[in-house]
Amino acid sequence: MAGALTGNIAVMQSILGEITDDTNQAREVTWSVGCVLGPIIGGYLSHPAERYPAIFGDVEFLARHPFFLPCFVSSSITLCSVIVAFVFLEETLPGKLAARTTHLKTIPRANNPQELDSGTTGQGTHILNIVSHPSVMELLSSQRIRSVIIAGFFLWFLSISWDAVFVLFAYTPAGLGGLQRTPAEIGVFLATLGALGIFMALIAFPLLQYRFGTLRLHQACMALWPLMFMLFSVTSLFARQALGPSARIGDSVAHACMWVGLSLILLTDKVATMAYATNVIIVKSVAPNQASLGATFGLSMSVACSARAVAPAFVSYVCYVFENSGDI
500 MAGALTGNIA VMQSILGEIT DDTNQAREVT WSVGCVLGPI IGGYLSHPAE RYPAIFGDVE
560 FLARHPFFLP CFVSSSITLC SVIVAFVFLE ETLPGKLAAR TTHLKTIPRA NNPQELDSGT
620 TGQGTHILNI VSHPSVMELL SSQRIRSVII AGFFLWFLSI SWDAVFVLFA YTPAGLGGLQ
680 RTPAEIGVFL ATLGALGIFM ALIAFPLLQY RFGTLRLHQA CMALWPLMFM LFSVTSLFAR
740 QALGPSARIG DSVAHACMWV GLSLILLTDK VATMAYATNV IIVKSVAPNQ ASLGATFGLS
800 MSVACSARAV APAFVSYVCY VFENSGDI
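Each residue of the sequence shown is one higher than the last, beginning at 500 in the numbering used here.
Because the hints were derived from the structure by calculation, they are not lab data. Among the hints, erroneous ones may be present.
Said to hold, decoys possible - Here are the in silico distance ranges between beta carbons for each label pair:
hint: 1; residue 1: Val635; residue 2: Leu706; range: 30 to 38 Å
hint: 2; residue 1: Ser634; residue 2: Asp557; range: 40 to 48 Å
hint: 3; residue 1: Trp758; residue 2: Ala808; range: 50 to 58 Å
hint: 4; residue 1: Ile518; residue 2: Met729; range: 38 to 46 Å
hint: 5; residue 1: Ser805; residue 2: Asp557; range: 41 to 49 Å
hint: 6; residue 1: Val752; residue 2: Leu578; range: 46 to 54 Å
hint: 7; residue 1: Leu588; residue 2: Ile702; range: 44 to 52 Å
hint: 8; residue 1: Glu684; residue 2: Asn823; range: 24 to 32 Å
hint: 9; residue 1: Phe821; residue 2: Ser573; range: 31 to 39 Å
hint: 10; residue 1: Leu588; residue 2: Leu736; range: 48 to 56 Å
hint: 11; residue 1: Ser574; residue 2: Ala553; range: 23 to 31 Å
hint: 12; residue 1: Val558; residue 2: Met636; range: 52 to 60 Å
hint: 13; residue 1: Ile518; residue 2: Phe821; range: 44 to 52 Å
hint: 14; residue 1: Glu684; residue 2: Val752; range: 19 to 27 Å
On a predicted model such as this, the values are computed, not experimentally measured, just so you know. Just so it is clear, CB atoms sit at the ideal spot from N, CA and C, and this is done for glycine as well.
Model the full assembly from the supplied sequences, consistent with the hints where possible.
Now the structure itself:
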């Protein structure tokens, strides 16, 4: 069900692509806002009977189902978004807009299936233009689209792998190579990532995109992923010395180095994940026309979902193998 519902991501990206242009497409921050609120909801509302006994201590249902409350709150937010979208969200598909806002004129027959798109004449009168609506195979025949889709696959594979590794890394005892943090602390870490994401989306990303260009920025962000995974190992060494079984009381240097390493991981992550924004812009740029944005984004997201399906299992299995071999 979760995989099926991710189809909404392609719809959202298509809508943003149809209502934005080069002047404002770099300032979309709603995803980052969700990255702030989501971890806070999950981290602080889980185990409510234990965490807030004065409020939920007598609720036996929440004691037996400690993760119900954050799931319920998240589902309620989703329901509200559905209602808001149903009531207020307007159609952005060019063909649909053209059918509503213009007078249909006689159009010559065409041999291939085609879709209407809106346009204007020199006098500003709306007309209906014929814009081809390519099939999936026609989209895949484009070398540019194939290259962008492959790059998107690796972006999602690395990102989802990092998400899985970070939670395991933060939760695992220091003696086994982790940070030995609580769920609430992990939620704070993830919320901090979201807050940094808002700053990156509002301030840093538009400036960096203007200075270096979308493609060069995307390449630089992708190059940061190996560095970020290496920082896990370095930070783990300090965590073992500060929190592991052989840790010495008052080892402030190791503690300080551990938190510096964690801070570098969080900062590097938010710079690296700017590749999401550049990827959306690049996918939009390779779409054959405005009418094919939905199909292009849908194809890109389908490939990305395959990475999202494989990455958690792959990286979790690798962690399991190393943990049981005693090499971490």
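For each hint, the structure was consulted:
1. Val635 with Leu706: 30 to 38 Å: 37 Å, holds
2. Ser634 with Asp557: 40 to 48 Å: 60 Å, violated
3. Trp758 with Ala808: 50 to 58 Å: Between Trp758 and Ala808, where Cβ atoms are some 34 Å apart, the hint is violated.
4. Ile518 with Met729: 38 to 46 Å: 40 Å, holds
5. Ser805 with Asp557: 41 to 49 Å: 46 Å, holds
6. Val752 with Leu578: 46 to 54 Å: 50 Å, holds
7. Leu588 with Ile702: 44 to 52 Å: With Cβ atoms ~28 Å apart, the hint is violated.
8. Glu684 with Asn823: 24 to 32 Å: 26 Å, holds
9. Phe821 with Ser573: 31 to 39 Å: 32 Å, holds
10. Leu588 with Leu736: 48 to 56 Å: About 50 Å separates the Cβ atoms of Leu588 and Leu736, which means 48 to 56 Å holds.
11. Ser574 with Ala553: 23 to 31 Å: 25 Å, holds
12. Val558 with Met636: 52 to 60 Å: 55 Å, holds
13. Ile518 with Phe821: 44 to 52 Å: 46 Å, holds
14. Glu684 with Val752: 19 to 27 Å: Given range 19 to 27 Å: holds, Cβ gap about 21 Å.
This entry does not satisfy hints 2, 3, 7, going by the numbered hints stated previously.
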